[in-house]
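There are 2 protein chains.
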Amino acid sequence: MAGKVDEKAITPMEKDYNEWYQDIVLRAELADYSPVKGCMVIRPHGYRIWEKMHDALDAMFRETGHKNAYFPIFIPLSFLSKEAEHVEGFAKECAVVTHHRLGAKEGGGVEPTPDSKLEEPLIVRPTSETIMYSMYSKWIKSYRDLPLLLNQWANVVRWEMRTRLFLRTTEFLWQEGHTAHATHEESWDEVVKMLGIYARFAEEWMAVPVFTGVKSDSEKFAGALKTTCIEAMMQDGKALQAGTSHDLGQNFAKAFNVKFQTEKSDWEYCWQTSWGVSTRLIGALVMAHSDNKGLVLPPKLAPIQAVIVPIYRDAAQKEAILAKANEIFGKLAGAGFDVHLDDRDNVSPGFKYNEWELKGVPLRIELGPKDLEKGECQGVTRVALTELKEGERVPRIAIPLDSVAEKVGEILDQFQKTLFARALKFRDSKTSVAASYDEFKSKLENGGFFWADWCGCPECEAKVKEETKATVRLVPFEETTLGDKCFVCGEKAKTKALWARAY
Amino acid sequence: MAGKVDEKAITPMEKDYNEWYQDIVLRAELADYSPVKGCMVIRPHGYRIWEKMHDALDAMFRETGHKNAYFPIFIPLSFLSKEAEHVEGFAKECAVVTHHRLGAKEGGGVEPTPDSKLEEPLIVRPTSETIMYSMYSKWIKSYRDLPLLLNQWANVVRWEMRTRLFLRTTEFLWQEGHTAHATHEESWDEVVKMLGIYARFAEEWMAVPVFTGVKSDSEKFAGALKTTCIEAMMQDGKALQAGTSHDLGQNFAKAFNVKFQTEKSDWEYCWQTSWGVSTRLIGALVMAHSDNKGLVLPPKLAPIQAVIVPIYRDAAQKEAILAKANEIFGKLAGAGFDVHLDDRDNVSPGFKYNEWELKGVPLRIELGPKDLEKGECQGVTRVALTELKEGERVPRIAIPLDSVAEKVGEILDQFQKTLFARALKFRDSKTSVAASYDEFKSKLENGGFFWADWCGCPECEAKVKEETKATVRLVPFEETTLGDKCFVCGEKAKTKALWARAY
Chain V
3 MAGKVDEKAI
13 TPMEKDYNEW
23 YQDIVLRAEL
33 ADYSPVKGCM
43 VIRPHGYRIW
53 EKMHDALDAM
63 FRETGHKNAY
73 FPIFIPLSFL
83 SKEAEHVEGF
93 AKECAVVTHH
103 RLGAKEGGGV
113 EPTPDSKLEE
123 PLIVRPTSET
133 IMYSMYSKWI
143 KSYRDLPLLL
153 NQWANVVRWE
163 MRTRLFLRTT
173 EFLWQEGHTA
183 HATHEESWDE
193 VVKMLGIYAR
203 FAEEWMAVPV
213 FTGVKSDSEK
223 FAGALKTTCI
233 EAMMQDGKAL
243 QAGTSHDLGQ
253 NFAKAFNVKF
263 QTEKSDWEYC
273 WQTSWGVSTR
283 LIGALVMAHS
293 DNKGLVLPPK
303 LAPIQAVIVP
313 IYRDAAQKEA
323 ILAKANEIFG
333 KLAGAGFDVH
343 LDDRDNVSPG
353 FKYNEWELKG
363 VPLRIELGPK
373 DLEKGECQGV
383 TRVALTELKE
393 GERVPRIAIP
403 LDSVAEKVGE
413 ILDQFQKTLF
423 ARALKFRDSK
433 TSVAASYDEF
443 KSKLENGGFF
453 WADWCGCPEC
463 EAKVKEETKA
473 TVRLVPFEET
483 TLGDKCFVCG
493 EKAKTKALWA
503 RAY
Chain H
3 MAGKVDEKAI
13 TPMEKDYNEW
23 YQDIVLRAEL
33 ADYSPVKGCM
43 VIRPHGYRIW
53 EKMHDALDAM
63 FRETGHKNAY
73 FPIFIPLSFL
83 SKEAEHVEGF
93 AKECAVVTHH
103 RLGAKEGGGV
113 EPTPDSKLEE
123 PLIVRPTSET
133 IMYSMYSKWI
143 KSYRDLPLLL
153 NQWANVVRWE
163 MRTRLFLRTT
173 EFLWQEGHTA
183 HATHEESWDE
193 VVKMLGIYAR
203 FAEEWMAVPV
213 FTGVKSDSEK
223 FAGALKTTCI
233 EAMMQDGKAL
243 QAGTSHDLGQ
253 NFAKAFNVKF
263 QTEKSDWEYC
273 WQTSWGVSTR
283 LIGALVMAHS
293 DNKGLVLPPK
303 LAPIQAVIVP
313 IYRDAAQKEA
323 ILAKANEIFG
333 KLAGAGFDVH
343 LDDRDNVSPG
353 FKYNEWELKG
363 VPLRIELGPK
373 DLEKGECQGV
383 TRVALTELKE
393 GERVPRIAIP
403 LDSVAEKVGE
413 ILDQFQKTLF
423 ARALKFRDSK
433 TSVAASYDEF
443 KSKLENGGFF
453 WADWCGCPEC
463 EAKVKEETKA
473 TVRLVPFEET
483 TLGDKCFVCG
493 EKAKTKALWA
503 RAY
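From first to last, the protein sequence lines are chains V and H. Going left to right, the first sequence walks through residues 3 to 505 as our numbering numbers them. Going left to right, the second sequence walks through residues 3 to 505 as our numbering numbers them.
No wet-lab data here; the hints were simulated from the structure. Just to be clear, a hint being listed does not mean it is correct.
The list cannot tell twin chains apart, which means a pair is met if one copy fits it or any two copies do.
Below 20 Å or equal to it, Euclidean Cα-Cα: the simulated PhoX-like pairs (lysine-lysine) are [stated by the list, open to error]:
#1 K326 / K140
#2 K443 / K465
#3 K10 / K140
#4 K119 / K39
#5 K195 / K326
#6 K487 / K498
#7 K107 / K391
#8 K427 / K496
#9 K119 / K107
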């Protein structure tokens, strides 16, 4: 689909943040709306980001002893019901399979045939605790089988009425880790360890700073004792939950009879965890870094890290320039960079600049006749373009041709750091302590994260949500207060909490 | 799940091939039955094989210009119906989603709520032509957008009444390539190119020799002009279709209005292809190479390529041996091998040998005090164990410790070749020309592939299938005859065909 950049301008984020987000996702060809309500198509440019996320996370899961497996997409209705909170949490958004055959319909077309109705309906998995733990119950016999550390990369379905590309879709892709341990201490260590991996991934790969902590009871996973999370700030000052790690206690172990024989030959229920991140992270990536010119991507996750744009006027120039451009391509590809040589003849360099700017390529490498004479090429980073005013000179970095791979490596490393620093600075500038509930309400209109003391009761949380649409994003692992009173009711504070509006 | 080798003996394949297959799959922990009818669980040892298959194939797809994307799992019922043959082919095996919410059931439990019934039922994708091409119709505007070369790694569902682990399951994992081209010549080239990639993968990675050719009309993909395939022989002499590549012509392009504007500004329908392989390949791998002792895997796809088993009598020996074993592990891991050091203390070396034999590790490396003295370790290949008679001495290969990585590399390369040669020799010994239909029928009882001339009419094909359960596996790309008469009806032969019973 080369050469097809939609000429409609991107809605500026200051004008309409939601429109801006949608424009970026569609025009950078990350995803598209599908004819199936609530489901999206992930296009190659978006899917490649997911593949790079997969590779980075999967390596970290393996290093910590986890193995991948695959469990059925269908869950018998009765399984979902075995853990009371769990079915309560997911019942309202289930895709239900009731038939297994189509037959001719009176008047033409086809329809599900009545005689193929299933005795027990099947649920398309919204998450896999139930189906997986029914197997764990079979596999785990003794303490020697523990810990059992599995992960699954899969699609899941949660029926959504109001959807947004990547952020909230009926079907999405994710990974779900599911582990079983002999003690609660061990399983809690796992919960924290995996949250740490998510935080590291968010900060070091996505260049998105995150707060880590524990969800309030009203926001925890249906069936968990405790949900821990990472929370990131988007450029409109709203929070986005970017990953969760759950302490399931023995709730599911009891529902699915996941028991083991201890060294002393007693039988005990396992202690379990589950943890996941999804294609939602791609939405977070877009919202955290992109600008009004298009996508901005961290080099570690960019499908194309550098694009070479040759510049020439005539056939003689073209030959020399393309020869050198190919040489640069070879050097960069050989050094392991994801590089693209844009040698299209039917569009101008300016058109190419715009296209790759829109698509978020971190580094553009320009190569013209003058550069060739000087034995260099010119690097322009995507991050430098964000601040560039209309009419300002584009900041170019001279890159010597004889050390192009080393220099490109340095530029991309620096880019990754700059992007994180920029996001961190923004988040810190929008994170403050709310001196009072009134101050909180007035400041919240401009977005941001607010630390404020909370008594811990669900009534205060509900009141804030109703009046401001803000929620408790997390409380710290080590509960601590700023002062002594809940900023809502004035009763004794239990802990400070991070409050914000969220996606 | 260490240390839990089921002590029940594997059913010998000569006694009951199907039981043998199931024993291998379950006991080597490749997969397990799930509580969902027809669906299996792919366990880590099996899933790792799929991941290695994915990586090898995906690299070949990329090299040939394909990109990955992801399309919705749900297909509107009306889409499936747009191509007449297509819906006919898949209607009988569809999982149909009809509701999107659960509610309390009278008398307890939950059920799909009547008011959440979908206006149009959704089909869980059995294959994605329809949903993908509805998007292609939107994306493709001009000849400049062609060829469009996409691939998807996904799960699909085809309701199966009689299932077998990996070979035939209601849900399975696969990749499906879907391309659109400007001319039939180009799309046919793609069909042949991708079949070539499958054949290369089967032979060079799986070590399974395959015949390539074209399916008869009765066996082709529902909606295709032509289906090409690779066919492999299992150890019971039956055929297994291991991959298909379809020439879709303009059938789906017409049904989904996938048009492009030519250089001359005319509008034409695209020419399309689709091609896929699935987790069925894991079943093929098991059936092609394994023996009565367990799994035999080609080194290129084995989750663990080499296992180190330390042997010692006392604590002093243990320390020295484990130190050296760790050194070997480091050298092999550093050289890129998937190596495992089995340093369990609670089971004997013999127990470990059996377990890794069962799980198909290509190379076992034994390290005992005498080996240490000599500065070597002992390699035992899994393939050498197949022929080993009870009481015979295990053939050990002395591996010098100072060149362990090089030597292991050589052994594994040789292993890969030996495995292919063994499978090829077996297939060739069971492939012959059928002189007459009677001879064919009698020889078929012992399994095998048979070349025989065919008039090309579906009646003869149906007769053979009814009388012998054998089918036309393929006809050659270049049709050619052995003699001049159809071996069934005696009429003029159109081409020779490969006949066999199949999975």
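**OP:** Starting from the hint list further up, note which numbers the structure goes against and sort them upward.
**Re:** 1, 5, 7 and 8
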